[in-house]
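Asks: So the sequences go chain by chain: A and B.
Read in the numbering used here, the first sequence has 238 at position 238, and its numbers run on one by one without any break.
Whatever position you read off the second sequence (first residue = 1), add 391 for the numbering used here.
Honestly, the hints are just simulated from the structure, not real lab data.
Certain hints may be false.
[What the hints assert, rightly or not] Straight-line distance between alpha carbons at most 27 Å, and here's what the computed DSSO-like set of lysine-lysine pairs gives:
#	chain 1	residue 1	chain 2	residue 2
1	A	K284	A	K5
2	A	K327	A	K13
3	B	K426	A	K120
4	B	K465	B	K426
5	A	K127	B	K403
6	B	K426	A	K283
7	A	K284	B	K426
8	B	K465	A	K120
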Amino acid sequence: MDIWKEQSVEARKGRWRALWELEDLPRPLWFVPASPMLTAAQMYGMQRLPMDELFTDRDLQFGISMTVNAAFEEMQRASYRDDFIPHLQPQMGVGVFASAFGCEVAFPPDQMPWTYPVIKAGDPADKVYELETPTVRSGLLGDMLDYARYFDEKAEHRYPIAMTDLQGPMDTAYLVWDSCDFMVAMYEHPAEVHYLMRLCTDLIKDFVKEFRRQVKEMVPAHFPPVYLPDGMGLAVSEDVMAVLSPSLWEEFSLPYVNELSEEFGGVLVHSCGNFEHQVPALKKVRGLRGINFGVSETRFDAIWEAFAEDTVVIPHCTAETLVADFKNAFEWVEYVLKRKTHNRGLALMVIPVGGNVHKTDRDIALGRPVDGFTDAPDFGDRIWELIDRYA
Amino acid sequence: MEQLAELVKEGKAEEAAGRVRELLDGGASADALMKEAMIPAMEEVGDLFQQGKVYLPEMLIAARAMQGCMDVIKPAMATGGPGFLGKVVIGTVRGDIHDIGKNLVGMTLEGAGFEVIDLGVDVSPERFTEAVREHSPQVLGISALLTTTMLAMKDTIDALREAGLRDGVKVMIGGAAVRGEFAGEIGADFFGPDSTSARDFAREAISR
Numbered sequence: 001m002d003i004w005k006e007q008s009v010e011a012r013k014g015r016w017r018a019l020w021e022l023e024d025l026p027r028p029l030w031f032v033p034a035s036p037m038l039t040a041a042q043m044y045g046m047q048r049l050p051m052d053e054l055f056t057d058r059d060l061q062f063g064i065s066m067t068v069n070a071a072f073e074e075m076q077r078a079s080y081r082d083d084f085i086p087h088l089q090p091q092m093g094v095g096v097f098a099s100a101f102g103c104e105v106a107f108p109p110d111q112m113p114w115t116y117p118v119i120k121a122g123d124p125a126d127k128v129y130e131l132e133t134p135t136v137r138s139g140l141l142g143d144m145l146d147y148a149r150y151f152d153e154k155a156e157h158r159y160p161i162a163m164t165d166l167q168g169p170m171d172t173a174y175l176v177w178d179s180c181d182f183m184v185a186m187y188e189h190p191a192e193v194h195y196l197m198r199l200c201t202d203l204i205k206d207f208v209k210e211f212r213r214q215v216k217e218m219v220p221a222h223f224p225p226v227y228l229p230d231g232m233g234l235a236v237s238e239d240v241m242a243v244l245s246p247s248l249w250e251e252f253s254l255p256y257v258n259e260l261s262e263e264f265g266g267v268l269v270h271s272c273g274n275f276e277h278q279v280p281a282l283k284k285v286r287g288l289r290g291i292n293f294g295v296s297e298t299r300f301d302a303i304w305e306a307f308a309e310d311t312v313v314i315p316h317c318t319a320e321t322l323v324a325d326f327k328n329a330f331e332w333v334e335y336v337l338k339r340k341t342h343n344r345g346l347a348l349m350v351i352p353v354g355g356n357v358h359k360t361d362r363d364i365a366l367g368r369p370v371d372g373f374t375d376a377p378d379f380g381d382r383i384w385e386l387i388d389r390y391a
Numbered sequence: 392m393e394q395l396a397e398l399v400k401e402g403k404a405e406e407a408a409g410r411v412r413e414l415l416d417g418g419a420s421a422d423a424l425m426k427e428a429m430i431p432a433m434e435e436v437g438d439l440f441q442q443g444k445v446y447l448p449e450m451l452i453a454a455r456a457m458q459g460c461m462d463v464i465k466p467a468m469a470t471g472g473p474g475f476l477g478k479v480v481i482g483t484v485r486g487d488i489h490d491i492g493k494n495l496v497g498m499t500l501e502g503a504g505f506e507v508i509d510l511g512v513d514v515s516p517e518r519f520t521e522a523v524r525e526h527s528p529q530v531l532g533i534s535a536l537l538t539t540t541m542l543a544m545k546d547t548i549d550a551l552r553e554a555g556l557r558d559g560v561k562v563m564i565g566g567a568a569v570r571g572e573f574a575g576e577i578g579a580d581f582f583g584p585d586s587t588s589a590r591d592f593a594r595e596a597i598s599r
């Protein structure tokens, strides 16, 4: 099988394995981030449908995910021909791990779920010692394990099951403990911060192993929605590192990220903010398998220069920043491709904003007409033209 | 004074408050402490933050030290001290519980000598309107992190207009998802990409 010519799922999986193994590739990988639940949530938002039901109704979540997958598979065949691997993913938002510590997660009808800290602003730092050690079924985590098994069985193992939203140890701790107090505690109560980080790390390790037991094929990546074979790493969100100094991140997060890396065969670090200042600290992560970042926030050149030789680099652009900083997806793709120096380890996450119509949350907020996510039927052709030109 | 400024910059809250007490007991005026030590110290930290030389935790501990000093100074201000530069009401919009950016703006404004009335998070347009009516601030600061909650900024400004309060207050908006042009589109006066620019806008607003 020529994995670079065929478009079967197995061929595409082969291309992802080659990416993670840092083989020399004939072209970079590219994918439309067709994460079924995030896509469904976006659709619910656009159409003003009750988002709380989407996140709390297992059968609804499964049915819509299957519908989204079928639609994207059709678009993949007809237009994109990209490297995305459709999957299913149980989702209740960013707070599922925090919920295991007793955090309340609210499910508003018009928004993604909210998480309230259990250690509130002004609480004494030693309240951290009153937290019950969570189990893999505490809070909403039990539901996520059950959803995962249910999705896998009901789909008859047709799709891999991606990890539910896995905020890393620090991002989870930041949800458990009022965020401002948590950051101040790094200076004033470091022992308490480390105590919570230990609890979060142990919980994540135990949960991922339990999640693996529930399904036939686990993809240990919640975001970006990539195909990451089990055993080749674990995706962790490290958004908080964008607002920390390198020394604080090295002291309070790096040891725990390294621990996860050792346990799961590497880590794929995702962060939404500008974390360019953390590049030297990130170089100290043992087994850093990949980096995912927003090009509008963190400069592509800085990440490429630092990591392209030995780490997978996955740049992305959200619809909102895409429209603000680039005219459309094509301009953004060309921006990245012009700057790469080789194809090894490069995968572009491409939001299908076609150029003529862009529907962003801001448009919705201002009551502008919503015409659809993309109106460019030649979207795939135009991306491929760029990929081929710069291969 | 220099020692006080250093303690604020380093975020040593207890020591800074203790130093304020010593200086007040020694005859220093609250006005001098603020103008010669505390405000310049916070401005320096704010500038370093804007330049990316210090980060959020360092900004927060400095701001808390400043707040601790203000708690000591406030009684002196109430008895004929310098008073506040002006008044600002801030809050995060309805449907949004993110507060770091809003807190940072509040702390920076307090550090610059403003009285800040913080309405918290998930604040309805009606509550913003009531607060403007009650406190008559020169500036209203509205924060939203999410693109999905940006509409609530427009709702808030519309509510102020309907209540006949819009012309009496300058409105600044901020938040990760917000861009400059959005401020004009919804009828706000200013978009602040960071807390320092919010502080500068507030200063400008009170000088008009």
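Asks: A separate judgement is required for each hint: does it hold in the structure or not?
Replies: Against the structure, the hints:
1. At most 27 Å may separate the alpha-carbon atoms for a hinted pair to count; K284 (chain A) and K5 (chain A) exceed this at roughly 37 Å.
2. For the suggested pair K327 (chain A) and K13 (chain A), the alpha carbons sit about 31 Å apart, so the restraint of at most 27 Å is broken.
3. Distance check on the hinted pair: K426 (chain B) and K120 (chain A) sit about 33 Å apart at the alpha-carbon level, beyond 27 Å; violated.
4. For the given pair, K465 (chain B) sits about 14 Å from K426 (chain B) by alpha-carbon distance, which is consistent with the 27 Å threshold.
5. Our distance criterion of 27 Å between C-alpha atoms is met by K127 (chain A) and K403 (chain B), whose separation comes to about 22 Å.
6. Using a Cα cut-off of 27 Å, the hinted pair K426 (chain B) and K283 (chain A) is violated, with the two alpha carbons roughly 43 Å apart.
7. A hinted pair counts as satisfied when its Cα atoms are at most 27 Å apart, and K284 (chain A) with K426 (chain B) does not qualify at roughly 43 Å.
8. Of the supplied pair hints, the one linking K465 (chain B) and K120 (chain A) holds, its CA atoms being roughly 26 Å apart against a limit of 27 Å.
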